[in-house]
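Trainee: The residues making up each chain are set out below.
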Amino acid sequence: MNARAYNQLVDTYADNVYRFALKHLKNEMDAKDIVQSTYLKMWDKHESVDVSKGKSYLFTTAYHLILDFLKARKRFHGEEAIIELQNEDNPSDFDLSETLNWALDKLPEIQKTVVLLRDYEGYSYDEIAEIAGISESQVKVYIFRARKTLKSILIEKELVV
Amino acid sequence: MSKFNLTNYESYYIDYLEGNLSEEDRHAFELFLDQHPALQLEGELPVFTMNEDENLSHDFINQLRVFDEKEKVNENSIDGFLIASTEGILSTEKQQELQAYLLKNPSHLDSLGVYHQTKLTPDLEIRYPSKQGLRKGNTRRLIFGVVYGLAAVFVGVLLLFPSQETIYHQAIKQPVKSNMNNLIKKFKTTNTPQKEILFGGLQTPVTSTSKQITSKTELAQQPIVEDTNLLIVQQEFLTVEEPHQLQTISNTKEVNNTEYVAFLAMKSPIDPFFKLALKNLRDKVDFRYAKATETKQGGFYLKLWNFEVSRKVSATGDLAVN
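Residue numbers (my numbering), protein chains in the order written: chain H, 96 to 256; chain Y, -5 to 316.
Same shape as in the complex, but just chain Y:
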């Protein structure tokens, strides 16, 4: 009985057409086809042979190769070695072997050049446009920076004036009805004992942060701005280092024995910081101080928003604070 039947003949058909069946099987298969003429292929049988020029291309095969450094440098492996050289992963020994091969076969030097040109270089002009938006912790850092900065100023001030004197806080609400003259007159006529607070700061001239006051007249002419505070301290208790300013004010007859100096004449040791703070925070921040000497009193004035603190240091150990 033939081993070919209608269920399995297809699997033998290709072998039959390609001549891969044994002689015995070929006869048996032809006999089977004679018995089933419907299965015979009409016309000329196709030829399933591959010509030389239909073989896979060298490039295609080359693509499938895997680079193995242990190989010898030859026509089949040269591309791999050229790329490895371009990549800089060849050992010294193999690099020398490749160079020797290229000396004998200089036509491959062009290929080496092309492989070098396949290396990409980034376009550094392409930049991520909003790097700032990716950053974290900016707001928190700014807030902490301001808080720590102010705290450092405050601590610094305390260290500058170490004493046992009391610090007084005063919320100043009394409005000023007239100008600076009134203020000064008021204080001049006040029968205030020495070593006592003369007044609470009320209003501040516009130019308070920068302009030097050189005379009482000029001081009196300063415009008044509401909601800012002024601290005038009796010169006896609190003075400044610049002698000419003190001299100008103290020579005024109106003042007589009671010499006054506006806190405007005090200097801020870190003026740029407070100017910057004033500019950026748009709020009332100020710091001034005058250093006490053997004969002159000193003190400081610090204002942070609605919080004010001032302190006087007396050369004789006396205390006067507002």
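So that you can see chain H by itself, here it is in the shape it has in the complex:
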């Protein structure tokens, strides 16, 4: 991959990686750090990364960086602080989108990841499996469970019939 192809990946996917990180971390500065580190890693490996796999490489790298970051944050702040952070923004009563995003934070990290990759990026199950380092059948199980949980929360919040 040359500098031109790399820069195209910056122009095309930096926003996507940023949104992906922001959904996980709920903090703009942390999300920016993840994006910078992700692209830095890609540039370090740019000679061996195939352009056609560029997007996949970006999300795989970002996902692992996010997991490492969350582990470090948990070690530093403790589990309670993380839960408190996730519960900070209760959704307003009648906003479906807001409630859905709030519900997303209630999902286990892996379920959140597969749903985000599926809905935000439109990845297929096998692509998500490659990024998250799990099997395709596991991806399917996680997505199905996540949808059921999200449905339950929406019904509980009486935002849907």
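The hints are simulated quantities; they were obtained by calculation from the structure and are not laboratory data.
Since we're looking at a predicted model, the values are computed, not measured.
All C-beta atoms in this analysis are idealised placements derived from N, C-alpha and C, irrespective of residue type, glycine included.
Any given hint might turn out to be false.
[Stated by the list, open to error] Listed next, the in silico EDC-like pairs over lysine to aspartate or glutamate satisfying Cα-Cα at most 20 Å (straight line):
hint, chain 1, residue 1, chain 2, residue 2
1, H, K207, H, D125
2, H, K127, Y, D117
3, Y, K125, H, D106
[Stated by the list, open to error] Restraint-style ranges between C-beta atoms, simulated for each label pair:
hint, chain 1, residue 1, chain 2, residue 2, range
4, H, K201, Y, H110, 18 to 28 Å
5, Y, L118, H, M124, 14 to 24 Å
6, H, Q233, Y, E17, 41 to 51 Å
7, Y, V60, H, K166, 25 to 35 Å
8, H, S247, Y, I8, 33 to 43 Å
9, Y, E91, H, S192, 25 to 35 Å
10, Y, E4, H, M124, 51 to 61 Å
11, H, K201, Y, Q126, 32 to 42 Å
12, H, N196, Y, L0, 51 to 61 Å
13, H, R170, Y, L144, 49 to 59 Å
14, H, D106, Y, K261, 35 to 45 Å
Take the given structure of chain H and dock chain Y to it, following the hints.
Mentor: Then chain Y, alone, in the frame of chain H:
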């Protein structure tokens, strides 16, 4: 001998309480408890039975199910099919089967609607704010762009004036003490043979890059700026295409037979580029040329920072260069 003792009685106690021991074992265990009254539980024995309403919820069990498309669509598998339909991974055949089931059981249509609402849509207004900082190779590309651009100009100039004439380089250091009049007078009185360099460029009027000089008087009135260079070429050797400019200058009595034209009157073929370069580089970069004709000489002048080169092309094949 009884098979129950103080080391193993606990493992049988639960079975005894739940009534899972055989009749023979139950008697033997009660006899053991009679022999060890301290082990007997006081009060009413707890009941370890599960009521119907204590069973795991349908939702919980449903969560544990794994979707299998080979299954029939029914009450137990409907959620999986609804999600698969939402995900767009159902085969045509199963999709039809699901639709048929929903027609018979329309209460599940609401669930299908809710599953569709669980699909997330990205907020496209959330953007990474400093994308430019992630890009690579900008500085290098800019430098190469400038270098290649200048090289291309230089090559272009050489192609425009193909000849066997010599290119002369001259570092011009002589300062100008007065104004343009002095320069012109100096050159006018110089008994310079034709086909020879008349002078080296010294100083340039401020408006040199843009203003058209229409008379010698006006030329003489141009303010002088130090550290810029001026090239005035004897009109006999180097002229410009605009006849009126030449006419104005050549009609001046002071000039007589020796007609001069300032290089200011020469035109840059890519003026916008050099204007931009001058503006952005804040340094001396200039390029001008006049095309030779059958009767008029032509030439060019190129200045890149401290490097200057000029070249004259004579219609008769003569050469005069500074």
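Trainee: Compare the structure with each hint and give your call.
Mentor: Verification of the hints:
Restraint check: the Cα-Cα separation between H/K207 and H/D125 comes to about 18 Å, which is no more than 20 Å; the hinted pair holds. Our distance criterion of 20 Å between C-alpha atoms is met by H/K127 and Y/D117, whose separation comes to about 16 Å. The suggested pairing of Y/K125 with H/D106 holds, with an alpha-carbon distance near 7 Å, which does not exceed 20 Å. Separated by about 20 Å at the C-beta atoms, H/K201 and Y/H110 satisfy the suggested range of 18 to 28 Å.
The supplied range of 14 to 24 Å is met by Y/L118 and H/M124, whose beta-carbon atoms lie about 21 Å from each other. Our hint of 41 to 51 Å for H/Q233 and Y/E17 holds, since their Cβ atoms are close to 49 Å apart. Evaluation of the 25 to 35 Å hint for Y/V60 and H/K166 yields a pass: the beta carbon distance comes to about 29 Å. Look at H/S247 against Y/I8: about 35 Å separates their beta carbons, and that is inside 33 to 43 Å.
Separated by about 33 Å at the C-beta atoms, Y/E91 and H/S192 satisfy the suggested range of 25 to 35 Å. Distance hint check: the CB atoms of Y/E4 and H/M124 are about 57 Å apart, consistent with the given range 51 to 61 Å. Remark: the range hint 32 to 42 Å for H/K201 to Y/Q126 is upheld by a beta-carbon distance near 36 Å. Against the hinted window of 51 to 61 Å, the Cβ-Cβ separation of H/N196 and Y/L0 comes to about 60 Å, which satisfies the hint.
The supplied range of 49 to 59 Å is met by H/R170 and Y/L144, whose beta-carbon atoms lie about 56 Å from each other. At roughly 40 Å, the beta-carbon separation of H/D106 and Y/K261 lies within the given 35 to 45 Å, and the hint holds.
Of the numbered hints listed earlier, not one is contradicted by the structure.
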